[in-house]
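Chemist: Sequence:
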Amino acid sequence: MGSTFLDVLASSAGILGPPALQQAARSGDGLFHNNRPIYNNCMRGVITCFTGIRKKDELTQLVHLIHSMGGSIRKDMMTKVTHLICNSTGGEKYQ
Numbered sequence: 001m002g003s004t005f006l007d008v009l010a011s012s013a014g015i016l017g018p019p020a021l022q023q024a025a026r027s028g029d030g031l032f033h034n035n036r037p038i039y040n041n042c043m044r045g046v047i048t049c050f051t052g053i054r055k056k057d058e059l060t061q062l063v064h065l066i067h068s069m070g071g072s073i074r075k076d077m078m079t080k081v082t083h084l085i086c087n088s089t090g091g092e093k094y095q
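By the UniProt record's numbering, the letter at position 61 of the sequence shown is numbered 61, and the numbering carries on one by one without gaps.
It should be emphasised that the hints constitute simulated quantities derived from the structure, not laboratory data. All clues stand as given, with none of them false.
25 Å max Cα-Cα, derived BS3-like pairs, lysine-lysine:
| hint | residue 1 | residue 2 |
| --- | --- | --- |
| 1 | K55 | K93 |
| 2 | K56 | K75 |
| 3 | K80 | K93 |
| 4 | K93 | K56 |
| 5 | K55 | K75 |
| 6 | K93 | K75 |
With these hints in hand, go ahead and build the complete structure from the sequences.
Modeler: What follows is the structure in structure tokens.
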């Protein structure tokens, strides 16, 4: 990350990647402000919850990827969650 990117990130301006701009232009919905950089919107409307992922660096990377594609993360499983990412099928949230 260069200094220009970090300066824009620290400001109130949004950062959109070329795919996000193209998707916004095609949809006609306009631009949505987000505090995080958005590369594309392929996970817009996706609300994800994690369970069983123990390695913090793996979880951090997954969260970053989901956010950069317009998705959201929830700590707890609730009715709004659309996707559960887990390391096995035996966890409490999976059931």
